[in-house]
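What follows is the residue order along each chain.
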Amino acid sequence: MGLELYLDLLSQPCRALYIFARSNNIPFEFKQVELMKGEHKTEEFQKVNLLMKVPAMRDGSFTLAESIAILLYMVRKFKTPDHWYPSDLQKRARVDEYLSWQHVNIRGKGSKVFIMKMLLPLFTGQTLPPEKLEGATEELNAVLKQFEEKFLQDKPFIAGSDISLADLVALVELMQPVCSGYDLFEERPKLAAWRSRVEEAVGKQLFQEAHEGISNIKNLTADKIAPELMESLKHQLLKQVA
Amino acid sequence: MGLELYLDLLSQPCRSIYIFARSNNIPFEFKQVELFKDSVLGKKPAAGSGAEQPHAGEGTDILLTSDFVLVGPSNSEGAGKVSLLKKVPALKDGDFTLAECTAILLYLSRKYNTPDHWYPSDIQKRAQVDEYLSWHHANIRANAPKTMWIKVLIPLFTGQPLPSEKLQEVMEGLSTSLKQFEERFLQDKAFIIGSEISLADLVAVVELMQPVGVGCDIFEDRPRLREWRRRVEDAVGKELFFQAHEMIFNIKELSNIEIHPQLKEHLAPVLMKILK
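Protein sequence lines, in the order shown, are assigned to chains A and B.
Letter 202 of the first sequence, counting from 1, is numbered 788 in this note's numbering, and no numbers are missing.
Letter 148 of the second sequence, counting from 1, is numbered 324 in this note's numbering, and no numbers are missing.
Treat the hints loosely; a few may be bogus.
[To be verified] Selected chain A positions facing chain B (in silico; Cβ < 10 Å):
# : residue
1 : Ile612
2 : Ala655
3 : Tyr684
[As the list claims (entries may be wrong)] Pair ranges (Cβ atoms, derived):
#  : chain 1 : residue 1 : chain 2 : residue 2 : range
4  : A       : Leu636    : B       : Pro437    : 45 to 55 Å
5  : A       : Lys790    : B       : Glu358    : 38 to 48 Å
6  : A       : Lys665    : B       : Val446    : 41 to 51 Å
7  : A       : Gln822    : B       : Val446    : 20 to 30 Å
8  : A       : Gly767    : B       : Val446    : 25 to 35 Å
9  : B       : Glu358    : A       : Asn805    : 23 to 33 Å
10 : B       : Glu415    : A       : Leu675    : 27 to 37 Å
11 : B       : Ala314    : A       : Asn805    : 26 to 36 Å
12 : B       : Gln336    : A       : Asn805    : 41 to 51 Å
13 : A       : Ala812    : B       : Asn200    : 45 to 55 Å
14 : A       : Leu714    : B       : Pro337    : 53 to 63 Å
Just so you know, the hints here were simulated from the structure itself, not pulled from any lab data.
The structure displayed is predicted, hence computed values, not measured ones.
Glycine included, each C-beta is placed from N, C-alpha and C at the ideal position.
Turn these sequences into a full structure, and let the hints steer you where they fit.
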C-alpha cells in the first residue's frame, strides 16, 4: 500500500498537493473525500485525520494533515527537484516566509471572499449585504498588494527565478475567489503574468484539470449538498466570515 | 555586523525566537522594539532608533499572526508624530532580512546547526513539527492573542472596557483549539513529537502564555497541558523562560500607561476591527 492522498479538489490546499504530486510523477492513490457530501465527517476518514479536514495523507501507518506539512514530506521523501524547496538557506527561508504568512493573509482573505460570494448565499438562501462583501474584497485587495510588493516584487517567482512551493500554494488559493466571480487578475498585469508562469511550470493541462471542479462551482446548487451538512456548515461558514 | 533580531517580548512569536536563540547560545544583537510612546514598565525607549526598517512593505494591517509595533516620537521625524513600524519579529543577517516566526526559527536552526530534536531529521517527526506549525496559525494563534487585546490593549486604546461576551466568545474558540491540541497533537506524549522538545512545543507554549498574562489561566483546569508546559520550561531553562515572559507577567502595568492621544485616535478604529 503506497502513498494515499485524501483530497477534494474543491479545496485549495488539496489542489496544491494534487498538482505537486502529479507534476513530479509521485505515485499516489487519489482518495476522494467529497466535502459537500460530508465525507470528511465519517468515522472512516477520522482514522486518517481526527481533525476531519482535507487534505490528509497516509503513508503506510503514518498519517499527516496540513497541506504545507504534506508538501514538505513529499519533497523530502521523493527528492523532488531543488527549486521546489531550495537547499540554499536564504531562498528556502523566502519560501518558508511566504508559506507562513499566507495562512491568514492570502488564504484567509481569499477564502473569505469565496465563502461570501459563493457559499453563504447557497447555504443561507440569502444574498449578503453588499458592504460585507465589499469589506472582504478590500481586505483581499490589501493582501494582494502586499503579495505583489513584498513577496513577488519584480522577480519571476517568489523565491527568484524558479517556481517553488510558495508559488503553487499562492496560486491555488487565488483561484478560489477567482472562481467565485472575482477576477483579481484582471487589473493586475504583474500577477497575471506570474500566474501564467506558474501554470506553465506545472503544466497548463494539469493545472486546468485540477481546477475543473472549482471552475464550475457556480453550478453547485443547494440540492447537491447533503441536508445534514447544510445546517452545520452554515454555522461554520458564518463564523468564519464574522 | 552579525545577526540582528528585532523583537518585542510582548509578542508571542518574538518570545519563541528569543528563547530559541538564547537557549541555543546563538549570538545575536537584540534590537528592542517597544510598544507605545512612553517606555513600557520603566524600560528605556529603543536605543539605535535610527535602525533601518528590516524589510520593505507596509505593515499597516493589524493581523493577529504578526504583531505590529508602534514607535513614538523618539524614533520618527518630528515630535508628536507616530509611525507604524513594520511587523515583529524580524531578522537581519547582513543584507538578508526575514519576517515570519516559523521562517526565522527554521533559518536559525539550519544556520546554527541546532540539536536535531528541534527540527528532527527523521522525515516523519519533522513532518509532525511542520504539521503543528501550520495548524497553529488558524487555531491557537487565532484566539490566544485576542485575550490580551480584549482585556488590556483595546480598553487601553479606546478608554472603554469590552463587553464580556466578546471575551467569552474568544475563550470558547480557544477551548476548542486547546481540546484539539491535547487530543490530536500532544496526546499522551511528553512533547508534540514524542520524547523531546521541538520548535512545535516552543511556538505553542509562548502563545498560550498570552492569556495567562492577562488573567485567563488556561492551564488551570488542564493538568495534562500544565505538565507539558512544565516540561517545556525545564527543557529551555526555567530562568530563561521566566525572563522572556517577564513583561507578560507584569502586563497589568500596561494599563497604567499614558497613551499619546494622537495614537489613540489613530488606532482605536483599527483595533475595533480586530474583534469584529
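Evaluation of the provided hints:
1. Ile612: Violated, about 14 Å.
2. Ala655: Holds. Min distance 4 Å.
3. Tyr684: 8 Å, holds
4. Leu636/A to Pro437/B: 45 to 55 Å: Check passed, 50 Å falls within 45 to 55 Å.
5. Lys790/A to Glu358/B: 38 to 48 Å: At 45 Å between Cβs, range holds.
6. Lys665/A to Val446/B: 41 to 51 Å: Because 46 Å falls inside the window, the suggested range holds.
7. Gln822/A to Val446/B: 20 to 30 Å: 27 Å, holds
8. Gly767/A to Val446/B: 25 to 35 Å: 29 Å, holds
9. Glu358/B to Asn805/A: 23 to 33 Å: At roughly 41 Å between Cβ atoms, Asn805/A and Glu358/B fall outside 23 to 33 Å, so the hint is violated.
10. Glu415/B to Leu675/A: 27 to 37 Å: Because 31 Å falls inside the window, the suggested range holds.
11. Ala314/B to Asn805/A: 26 to 36 Å: Taking Cβ atoms as reference, Ala314/B and Asn805/A lie about 29 Å apart, which means the hint holds.
12. Gln336/B to Asn805/A: 41 to 51 Å: 48 Å, holds
13. Ala812/A to Asn200/B: 45 to 55 Å: This hint holds: roughly 50 Å between Cβ atoms.
14. Leu714/A to Pro337/B: 53 to 63 Å: Since Leu714/A and Pro337/B have Cβ atoms about 31 Å apart, the given range 53 to 63 Å is violated.
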